[in-house]
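One line per chain: the protein sequences are A and B, in this order. Residue 372 in the numbering used here sits at position 56 of the first sequence, and the numbers go up by one each step. Residue 101 in the numbering used here sits at position 31 of the second sequence, and the numbers go up by one each step.
Since the hints were made in silico from the structure, they are not lab data. If you're wondering where the values come from, they're calculated on a predicted model, not measured in any experiment. Possibly wrong hints are sitting among the right ones.
Claimed, not checked - Reference excerpt, derived from the structure (chain A facing chain B, CB under 10 Å, subset only):
1) I320
2) I343
3) L348
4) K355
5) A358
6) I359
7) R360
Note that the Cβ used here is the ideal one computed from N, Cα and C, for glycine as well.
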Amino acid sequence: MSIIVNLDVMLARRKMSSLELAERVGITQANLSILKTGKAKAIRFSTLDAICRALRCQPGDILESRGDASPDGEA
Amino acid sequence: MGDRTRREVTGLKSSKSVLICYGITWVVIGVLAGLCVTAPMLMDLYMRWRALAPEVCRAVLIAFYLSCLPAFTALICLLRILHKIRVQEMFGAANRWLLRVISWCCLAVALICFVAGFWYFPLFFLTAAMLFISLITRVVCTCFLAAAELQEENSLTI
């Protein structure tokens, strides 16, 4: 999976704990941990929206693509 | 929908369905056990009614008793599958294995009926039916595998 979820940086900037973020977003800490550790296979837009509202950021601030693919998808 | 969420209503319906299946499976086990005891008497009545040769009756009785072992195995597997469904473990490896066992049991009965069919022709139709059920069970097992993959992907969707 080449999409990285950088929650730790935003959590540190907003001085928020994982527990607080999980409560604000409405997901369990286990699910938040799955997101942070890169084990998630997909994220719902509603969850992404809730995270961005809680952290007062844009999706690009927490999502990063580290694939080797070129923009048109070829390796 | 009132206070109940859609999931709770669906859960209640499936729980009721599982209980009905439990009941029916136990009834079938009871009927089969009863047939095991009364088979010789029933076969005797049938033999007189249809004027069948004694070797035909013997072959049918032997086929019936040989089929009882895979039949009881399949029914017990069904009960275990229903129990797993009750505890919300629907598409796991255990259920897939139990379905494979049921498939093999149906195949075994088909084989027994095929051999006995040479003495009593209508058993060939039962052979075809059991082969069909065996195939369906195998396909359902494959569906469970696909469902397990979907479930895993869904569980990792936040």
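Here is how each hint holds up against the structure:
1. I320: 14 Å, violated
2. I343: 6 Å, holds
3. L348: 8 Å, holds
4. K355: It holds, given that the least Cβ distance between A:K355 and chain B is near 6 Å, below 10 Å.
5. A358: Result: holds, 4 Å to nearest chain B Cβ.
6. I359: 5 Å, holds
7. R360: Since the shortest Cβ distance to chain B is 7 Å, the answer is holds.
Hint check: a violation occurs at hint 1 only; the rest are consistent with the structure.
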